[in-house]
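**Q** Please construct the entire structure, taking both the sequences and the accompanying hints into account.
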Amino acid sequence: MDELLHRVRTRLAIRAHRRVRGLLDGEYVSLFHGKSLDFDDLRAYIPGDDVKDIDWKATARVGSPLIKRYIATKKHAVLLVVDTGRDFAALSEGGTPKRDIAILAAGVIGYLAVRHGDHVGLVAGDADGTEYVPLRGTESHLERLLRVIHQRTSMSAGPSRLAAQLDYVRRTFRRRMLLIVVADDGALAGQVEELQLVRRLHAQHEILWITIGDVDPTLGDYADKDMIDVADGRDLPPFFRRDSALRAEFEAAVATRTAASADLLDRIGISSHRMTSEEDVVPGLFRLLEGHNHARR
Amino acid sequence: MELMYWWMPLLWLVVTAGVIVLALWLHARRRARNLADAVPVAHSDRLTELPAYRTALARYRAALFGAVLVVSLVLVAAVLMSSRLVSISTYQPEMRNRDIVLCLDVSGSMVDYDAAIVRTFRDLVDNFDGERIGLVLFNASAVTYFPLTTDYRFVQEQLAYLENDLSSPLSDYEFINGTLLGEGSSLIGDGLGSCVLRFDDVDKERSRSIVLATDNYVAGRPILTLPEAGALATERSVRVYGINPGDVSSKEYIAEFANEMKQVVLATDGGYFALADPSAIPSIVDGIEQQQTTRLTGEPMLVRTDEPSWPFVLSVLGTALIMYFGWRLKR
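Sequence order for the protein chains is A and B.
Take the working numbering: the final residue in the first sequence is number 740, and no numbers are missing along the way.
Take the working numbering: the final residue in the second sequence is number 1246, and no numbers are missing along the way.
Derived by calculation from the structure, the hints in this document are not laboratory data.
Be aware that one or more of the hints could be misleading.
A few chain B positions that, by computed beta-carbon distances, are all more than 12 Å from chain A [what the hints assert, rightly or not]:
#1 Ala938
#2 Val954
#3 Ile1003
#4 Ser1024
#5 Leu1063
#6 Leu1147
#7 Glu1222
Per the computed footprint, the stretches of chain B lying under chain A, defined by three or more beta-carbons under 8 Å from a beta-carbon of chain A, are [claimed, not checked]:
#8 939-952
#9 968-975
Remember, it's a predicted structure, so these values are computed and weren't measured experimentally.
For glycine and all other residues, C-beta sits at the position ideal for the given N, C-alpha and C.
**A** In structure tokens, the structure reads:
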């Protein structure tokens, strides 16, 4: 039943990741640190304060009434914003479908959140429509989210348009949340609308940006296979697969483009990380969280 | 230009269409089967907007276009070759079944003319192919110098020898031997009659003609008169072409003979030429030859000649180019 979540747990349980898992927990908690959410303190009594809130011991030590400030352990909201358009049915740079990496990354974050009693929601969709799965804090709910991502992302889905999902988030949510955006290389390339939305959302929410690298069609591994452009379902001609000059130029262009996207997000103040395979997910997320926490402090 | 098997292009059309349909079907089937295994790629514009991709695509398209062009050219060549491209020409076969007997009066006054005739025939023999030629010399009696033959080397030798004999200042007039055995001299009728009898294979359909060079100045009593000999020639459908150096105004005293000869010769459906100068002989003989040729052309025939050369060259070159483009496309 919860096979997708099972894969996430398995991934986290991999021996090499065990240490990271603990660290991930820490990094996750740190995400909300500094917001004084989990922080209780004392302050001087002001008329009108609840008498029950007076810390008598501290008052006795100091000599003037002090109020113990309880911050109710608030449930944080983690919203996964995932592109489930046709583009994500395509292969990633590592050779697995981008969807699988997206599910894994969303699953790991969601799992951490659920374990910390936070609520996880999902905004997924393509150019044809956006689906919202409300915020809940259970593992079965997380499994359901991952299933939605899994089912929506297919070759028959609409074309990807992340702006639609970002706009949905802008219109729908008024509370502050942690947005985990799962996008691909094409999401920010020359998209003015997306950038404006990202800036706008950044003002309201905490944003972590996960980029999933697209496949390199000039790789020799695919030379003997048919290649389909998910945008129009047409075959890509085979001639470029043997052209070494073209391959070099392609690699250079991808590097430039990736750097440009990361740079854009960096300038807005959003931490981002690019993942290319499933092995990349756990260490990649750790790097992302760590980088994010460091940058903020 | 015409196709011998006009239905062949239609067959090709059907077969080519069938092959194309089959190829498309196989391709579609293969693609459907490989679809599950196909590599889905997003954001192909990352690749397709590269200048290197554009140039590669242009090269690929050029190679494809070239391949299609060459394949169609080779196909056209194959269609033309298999439907047998023929050129059609009407051909009038020149019937090389002529027999010519040179019938030369070797009386003293005729020697120069005889030499010119012999010289001209030496040139003509080079072009003979299937014609037979014979030579009869006559004065009082007729001597077969050589019978009708196609052995042109022998004919050349004999003509050369005779020409030398006729024209050389050192000549011993060997050719006269045997020509003076009759009663009198210049027995033209006997000479012509003898010449008519030189034709063999009378049953066979051959063109028979005599080139008779004489001044028709008879001195003596011939067995056959010239008109009688002419009648014999007509009876055996032998044309007589007369060359008469005596039929000129300076020799009016023999005008009667010339007249007789002209009538006899024309009666055989031949030709008559009066002249004073031996140097006119070659053109006359050529004329006779020409006349004979035109008369002897047979029924016009429709000849179809296969013209496979340029489609063949095209297909060979095209096949080489197909290999080249195939290599370019597969590379």
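**Q** If a hint holds in the structure, say so; if it doesn't, say that too.
**A** Comparing the hints with the structure gives:
{"no.": "1", "hint": "Ala938", "verdict": "holds (16 Å)"}
{"no.": "2", "hint": "Val954", "verdict": "violated (5 Å)"}
{"no.": "3", "hint": "Ile1003", "verdict": "holds (47 Å)"}
{"no.": "4", "hint": "Ser1024", "verdict": "holds (94 Å)"}
{"no.": "5", "hint": "Leu1063", "verdict": "holds (78 Å)"}
{"no.": "6", "hint": "Leu1147", "verdict": "holds (90 Å)"}
{"no.": "7", "hint": "Glu1222", "verdict": "holds (40 Å)"}
{"no.": "8", "hint": "939-952", "verdict": "holds (count 4)"}
{"no.": "9", "hint": "968-975", "verdict": "holds (count 5)"}
Going through the hint list in order, the structure does not satisfy hint 2, though it satisfies all others.
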